[in-house]
Amino acid sequence: MRNIITTVASAVALNVAIGSVAMAQSDAITIGVQLPTTGSEATYGIDMLNAIQLAADEINASGGVLGKQIELSPADAACDPQQSVNAASMLASQNVVGVVGGYCSGATQPTLNTYGDANIPFVIIAANSTKLIPANPGNAFMINSTGDYQAETAVDFFESQGVESLAIINQGDAYSQDLASLTRDEWKAAGHEIASFDVVNKGEQDFSAVVSKIKNSNADAVFWTAYYADGALLIRQLRQRGYQGVIAVGDGSTSSKLFEIAGRAAEGVYAFANPIPAFLPGAQDFNIQYESEYGRAPGPYAPLSYDGLQLMAWAIEKAGSTDSDAIQQALSSAGGMEWLTGPISFTEDNTLARSNFIVLEGKGGEWTRHEQ
Amino acid sequence: MSFFDSFFQQLINGLVLGSFYALVALGYTMVFGVIKLLNFAHGDFYMAGAFVGFGALSLVSGALGAGWMGIFVAMLLAMMAIGCLGVVIERIAYHPMLNAPRLSILITALAVSLVLQNAALALTGGQYTAFSTDIGFGGFEVGNLFISHNQIILVATAAVLMIALELGVSRTMYGRAMRAVSIDKDMCRMMGINVAGVIAVTFFIGSSLAAAAGTMAGAYYGSIWYFMGFLIGLKAFTAAVIGGIGSIPGAMLGGLILGLLESFGTNIEFIGSEWKDVFTFAILILVLVFKPTGLLGKSEVERM
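Heads up: the sequence lines are chains C and F, in that order.
Using the working numbering, you'd call the opening residue of the first sequence number 1 and step up by one each time.
Using the working numbering, you'd call the opening residue of the second sequence number 1001 and step up by one each time.
No wet-lab data here; the hints were simulated from the structure.
For every residue, glycine included, the Cβ atom is placed at its ideal position computed from N, Cα and C.
Check before you lean on any hint, since a few could be wrong.
To be verified - Below, in silico cross-link-like pairs of lysine-lysine (DSBU-like), each with a Cα-Cα straight-line distance of 35 Å or less:
#, chain 1, residue 1, chain 2, residue 2
1, F, Lys1036, F, Lys1291
2, F, Lys1185, C, Lys202
3, C, Lys68, C, Lys318
4, C, Lys318, C, Lys131
5, F, Lys1036, C, Lys68
6, C, Lys202, C, Lys131
What the hints assert, rightly or not - With the Cβ distance kept under 7 Å, some of the chain C side facing chain F (calculated, not the full set):
#, residue
7, Ala42
8, Thr43
9, Asp198
10, Asp206
11, Arg264
12, Glu267
Build the full structure now, drawing on both the sequences and the hints.
As structure tokens, then:
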């Protein structure tokens, strides 16, 4: 026992020592990374952090930014509004030059104020609820297409499938609820019928009640707007109960894990997706490098995460200093460049200027591009 | 579908869900009965049981296949392993604190929960694991109703486990000792009952029931991950309270009631499923207002 304590104590001491050395070396540029690395969305968060680390390593290997090395300071937002505010305050107190991250919209929204007050440039990678737009004090830039682009894609798709009556299910969080209600409103505005609009709890595995309800309502199609893990279970249970209609899922459900969990039931399921690695023409090198570094394929938000840090680095370089306003100025002038996920330029609201959504179809245990 | 079809379909849904809640609630209620501890780590035993069951299934599936036969063997192995884990955790974390203030041991339970969750996170990398089995989707079609074979097996297994437990507690010597310890530990000690042993057995049984539920849930729903114990832990705790915490039949009843309430709550006309939890927990409040000890709980008189 004493041995263990001594070992732990010396490890802690060593850590502190190393930490203070790192602190003393202040000529690095520190970028905060706010992602859920524990909790329910840790799979995505860790995957995104990996991609950001990859980008940082590449930038540092080619001389860094403004001649300095980039140092990442990850803070765990846990997809939880309270913990994300703590993470944001911690990053703000470290005087980071900029922050990249933001996966769960619900947890990202309250951090906008924290970074706004501290005037820290914030590149939001994945969170794409339209609720983030009015809450943005002006220092945040969203590089993912927002929910209304996705709702439009969804409505067009369901119409092309001849769907009349649509069942929508979300999990009540900012992201899935936003997408669900945007789609509902657009679907109604297009003159169609909503068969049912349901909310289920995150982490609940039993969807039998909702499935029975949907079967009763004779909906032509089901749209799941939340994340893949629970979505896979819903798809399984719908098909097990013999539901024959169209099933489509939103961009939170495009993980390939969906096929592992849902199995054969996921065949013929449609998804609306951001530019995921497999469908990006320029991402081959990125995919190979990511796999050799981390031993698994990059997840759906890895390319956007990579771009997030690259964009931040580019903006700092362009600003020529670590001055916050200059960096924000540089970010809003972004354009004309080809990034991993395509061109990035911003609207007046600091949202991505173009839709990047595509429609995918599950075939043979993987996503394939669905051509309409 | 007529109203009756929909009613009976939700009844079946609720029974399946309720069986899981009941199995997990039993562990809560047994531990509370014996050492007056709300074991918040209990949901994580369910999660750990699912992972051990998954590992065990991949070991035995070569010989037994990944159908229900293999799943049962895997479930028994998981019950043994998690039962032992429960005993070890009780020894390390709870036993030294049995005479400490109630709040300290409650916090310890929360800590154990976080330790288990984060250990599982570290071991699995936060990934969802697909619990693949060969159980089919077949079932009976009765009019518009559909009952799958899996649902019948699940409810039957849960019922067998619960009946065995009830018989064990009411008919065996250990069961009698357990009931005695829950009433008065000091007196039991004076009567020569091995109190520490009884507590260990209680933890073993409670944890292994959670492991049984975890393995079956993994096989039935098809995916497991490190956070799966959280929500069901909360629900099972609620079920135990509805039924009367400390009462074994109460936990079973509470689990079934909660499962049924949730299923029916989803389908109330005119109000959406977002009201499901409002409905369920409003009933919890009503139960507690009119019967603070839960439906089958005994009122405890504190004597000075």
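Those earlier numbered hints the structure runs against, lowest number first:
Hint check: 2, 5, 11 and 12 fail, others pass.
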